[in-house]
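Peer 1: Using the sequences and the hints, build the whole thing.
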Amino acid sequence: MSLPRFYPIFDDLAWLERALPLGVRLVQLRLKDRDPGDLRDQIRRGLALARSHGAALVVNDYWEIAIEEGADWLHLGQEDLDHADIPAIRRAGLRLGLSTHDHAELDRALALAPNYVALGPVWPTILKKMKWHEQGLDRVTEWKALVGATPLVAIGGLTPDRGRQALAAGADVVSAVTDITLNADPEGRMRDWLAVAP
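No gaps in the numbering here: position 97 of the sequence shown is 97 in this note's numbering, and each next residue is one more.
Rather than coming from a laboratory, the hints here were simulated on the basis of the structure. The structure displayed is predicted, hence computed values, not measured ones. Even for Gly, the Cβ is constructed at its ideal location relative to N, Cα and C.
With a straight-line Cα cutoff of 16 Å, these simulated EDC-like cross-link-like pairs (lysine to aspartate or glutamate) come out:
{"hint": "1", "residue 1": "Lys32", "residue 2": "Asp61"}
{"hint": "2", "residue 1": "Lys144", "residue 2": "Glu105"}
{"hint": "3", "residue 1": "Lys144", "residue 2": "Asp107"}
{"hint": "4", "residue 1": "Lys32", "residue 2": "Asp11"}
{"hint": "5", "residue 1": "Lys32", "residue 2": "Asp80"}
{"hint": "6", "residue 1": "Lys32", "residue 2": "Glu79"}
{"hint": "7", "residue 1": "Lys32", "residue 2": "Asp12"}
{"hint": "8", "residue 1": "Lys144", "residue 2": "Asp102"}
Quick list of simulated restraints, FRET-style, between CB atoms:
{"hint": "9", "residue 1": "Ala184", "residue 2": "Asp12", "range": "15 to 25 Å"}
{"hint": "10", "residue 1": "Pro124", "residue 2": "Glu187", "range": "24 to 34 Å"}
{"hint": "11", "residue 1": "Arg91", "residue 2": "Asp161", "range": "36 to 46 Å"}
Peer 2: Right under this line is the structure:
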């Protein structure tokens with residue numbers, strides 16, 4: 001399966017409204033600490049907006065809402081996997097992306113035949129405190145050899161230049177969060193990314 005190579009992750013629908021007109025074709029909506037009504041509204045509107053731009057929206061974590069709202073893609077972290085109903089997710093036809101940080105997590109992920117595997121943090125990240133240190137480019141190359149034809153997403157501390165390095169090391173897709181959202185010119189930064197990972 002071939003995926004768009006640039007995969008930004010955002011915490012609000014407003015970011016999708018800025019990214020999708022630029023040509024972003026794969027985007028994740030990672031919503032935290034929202035009330036249930038707002039969660040569903042953001043996901044519903046995000047799906048409609050992505051489809052209107054010919055893009056794929058990946059719903060993070062909320063697998064029940066993703067099923068109910070007819071989403072196409074779901075991303076789960078390892079903790080989310082503990083509580084998710086994988087058979088129900090598969091019956092709904094959702095394509096599934098999974099986070100991995102070590103070999104045990106990768107084995108667990110590959111046993112579920114995901115539609116992509118994410119590896120992180122490749123570089124140090126300020127997004128959230130993690131028990132894992134930076135994985136580095138050698139781990140990207142190793143992971144790609146292990147996942148084979150499954151698309152590999154590199155995430156964590158990426159900039160456009162680091163994204164170029166991650167792609168050269170074997171990643172199929174590069175992901176960014178704060179490199180965009182904390183940038184003084186987010187639209188310009190996304191254009192930089194799209195030039196690196198068209």
